[in-house]
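Undergrad: Here the protein sequences line up with chains E and X, keeping their order. In short: position in the first sequence from 1, add 4, done, that's our numbering. In short: position in the second sequence from 1, add 4, done, that's our numbering.
Hint data in this document are derived by calculation from the structure and do not stem from the laboratory. From a predicted model like this one, the values you see are computed outputs, not experimental measurements. Heads up, some of the hints might be wrong.
Stated by the list, open to error - Derived DSS-like pairs (lysine-lysine); straight-line CA-CA distance at most 25 Å: (1) E/K204 / X/K109; (2) X/K12 / X/K70; (3) X/K112 / E/K204; (4) E/K204 / X/K135.
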Amino acid sequence: MARVSSNRGIGRKGWLYTLGAGVVSLAYFFPVFYIISTAFKTRVDALAMPIRFIFTPTLDNFYSVFVRASTEGGAGTETGFGLYFFNSVFIGGSSVFIALIIGTAAAYGFSRFPLRGNDTYLFIILTTRMLPPIIAIIPIFVLFRVFSLSGSYTGIIALYTAFNLPFSIWMVKSFFDDLDRDIEDAARMDGSSEWSVFWKICLPQIMAGLAATFVFAVILTWNEFLFALMLTGTQTRTVPVALARTIGGQVGVDWGLMSAIETLFIIPVVIVTFLLQGQLLRGVTFGTIRK
Amino acid sequence: MFDIRLSKLTKRFDNDLVAVDQVDLTVNEGEVMCLLGPSGCGKTTTLRMIAGLESATSGDIMIAGKRVNDLPTRERNVAMTFQFYALYPSLSVEENLAYPLHADKMTKAQIAERVGRVAEALDLKSVLQRKPHQLGEGEKQRVAVGRSIVREPTCFLFDEPLSRLDIQLRQTMRTQIKEILTTLDKPTVIVTHDQIEALTMADRIAVMRAGKVEQVATPDDLFSMPANVFIASFIGTPQMNLIDAELIGVGPSGADGWVDAKFRALGEEISESVRGGVADLPLGGKVKLGVRPRSFEFASRDTKNALHAVVDIIEPMGAETLAHLVESGQDLRCVVPYTTELSVGERVSVRAKRRQLHVFDSAGLLVE
Chain E
5 MARVSSNRGI GRKGWLYTLG AGVVSLAYFF PVFYIISTAF KTRVDALAMP
55 IRFIFTPTLD NFYSVFVRAS TEGGAGTETG FGLYFFNSVF IGGSSVFIAL
105 IIGTAAAYGF SRFPLRGNDT YLFIILTTRM LPPIIAIIPI FVLFRVFSLS
155 GSYTGIIALY TAFNLPFSIW MVKSFFDDLD RDIEDAARMD GSSEWSVFWK
205 ICLPQIMAGL AATFVFAVIL TWNEFLFALM LTGTQTRTVP VALARTIGGQ
255 VGVDWGLMSA IETLFIIPVV IVTFLLQGQL LRGVTFGTIR K
Chain X
5 MFDIRLSKLT KRFDNDLVAV DQVDLTVNEG EVMCLLGPSG CGKTTTLRMI
55 AGLESATSGD IMIAGKRVND LPTRERNVAM TFQFYALYPS LSVEENLAYP
105 LHADKMTKAQ IAERVGRVAE ALDLKSVLQR KPHQLGEGEK QRVAVGRSIV
155 REPTCFLFDE PLSRLDIQLR QTMRTQIKEI LTTLDKPTVI VTHDQIEALT
205 MADRIAVMRA GKVEQVATPD DLFSMPANVF IASFIGTPQM NLIDAELIGV
255 GPSGADGWVD AKFRALGEEI SESVRGGVAD LPLGGKVKLG VRPRSFEFAS
305 RDTKNALHAV VDIIEPMGAE TLAHLVESGQ DLRCVVPYTT ELSVGERVSV
355 RAKRRQLHVF DSAGLLVE
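Next up, chain E with everything else stripped away, as it sits in the complex:
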């Protein structure tokens, strides 16, 4: 790649930058690479020191993510990871989706129909994200007990939705704020109802922004561990919790297995980010490239 660049004459300085960027990228990518390679190692290879970069790859770890070999011989038992992956996707996806819908509506309201004390409300919404979540864990735990929400999808989805809302409202509001208000006025002149102004004129303009908000919220929710640990049950457990539970027991820490789970766990986020990357880039640079 660098050779191509040199043909275009990036010069000595360009070479240095490329080299620097390469080193930084490698440093960032190394842990991911380490995890992925460990996922393909046997137990012996995984524990070997110094780190083995050349080894015979195996898919055993991926197999044992879903089926645990019986210690007494015979058929293995299902680990339930299929369900856990479904849970992560279902809980994360629906909570982000719901938060995005409510957040978009709220953001539009805050942006277009400001109330007296609008900024105060917005600030109050933001304060819910100012405390470390662990402070809220006991009251929320008690609350879940009282309302029998512990271990249910409803409970954890509602909680994640509430967590994602402040972020979604603030981010989407900034996209609405950046829109040219004349365009909405033009739509009103052209006979649009307030609903069409929102639905046909404003919303299409912030699709990139919504995509960016979606990805950020998905990543936040996808990795959440603490509340999932306290509030999900055996049927609603998400991958981060299930992953932690593989530690211990007769085998101790099975690095290969954990790496395999993590590798599988990364894939959905990579896919979402990849699919939305064009939108994402426009989303995060929103406002700066218009006009």
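Let chain E serve as the given structure and place chain X on it in line with the hints.
TA: For chain X alone, kept in the frame of chain E given last:
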């Protein structure tokens, strides 16, 4: 009868700023009215109140004989072209043009027919499938105009329609818009701060300042009879000269309503034929004499009723030359043919052409 009638229209913003103050204005059927004034004079707010994008604090807005103050924008059936075009960025040119028609419950074929007609008229056929960001400024402008004429509204509003175009495009569009407006024959309000735009496109011009309408007149009348010193200096380039003077004598009234009056100005006593109202002013009172730079002509040294001044700066403008003259601390602007030989520091004599001298009283109002 399609017309727009504003009476005692007032807009007071939350911060107590009175943007529009008791404006009375009638735009007749088929008439093009330009709201002209410096920025912040309330012209755009007035336009937005007619459109329903801004609520009126008090007063009435009547469109086609119906009070529309309380009607939402979409029910007023008014079309508006915005300064920055406000095209729908996610829709193609064709969809932009069709958008206003969806509210009218038209069939697909009817919509296509209308859009086709407008695209034809505005030369947009070749760009119908493009998105607004792929268009040039002139094309955007034409799409914006097209979108406002595609349906049949009761009236048209334009907010600074040409301000974003370069000079050449501006002239073309000016002519094109004027042509379109003539064929549409609907009451039209154009907001502009550019007097050339107003003078060329309007049937009548309403000059606004600080929320009030100062004068409503045809372009010719506005130029030849500016109601006060503000309008006198606002309309016409270069600016009209306003010379401090004292009224020292008035002759007998002529049959045509003009009188000969004597003034003392720039240390000279001059006698000019002016409008008869001067007879009602007190002798010895302060007045301002308004003379357009092109209404001055150079005279020989000993000409009677001439003013004398020293050439200060000479600005060639092509076919004409603008000369700045100075006398007793007063500047005189004077436009003469480029062939006139002038040199800086030279003492010259100028005289207003016959009946091209305006008199403003001590309150700054035109004496008629």
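Undergrad: Could you run down the list of hints and mark each one as holding or not?
TA: Going down the list of hints, with the structure as the test:
The suggested pairing of E/K204 with X/K109 holds, with an alpha-carbon distance near 17 Å, which does not exceed 25 Å. Distance restraint check for X/K12 and X/K70: the Cα-Cα separation of roughly 16 Å lies within the 25 Å cut-off, and the hinted pair is therefore satisfied. Using a Cα cut-off of 25 Å, the hinted pair X/K112 and E/K204 holds, with the two alpha carbons roughly 18 Å apart. A hinted pair counts as satisfied when its Cα atoms are at most 25 Å apart, and E/K204 with X/K135 qualifies at roughly 16 Å.
Hint violations for this structure: none, all hints satisfied.
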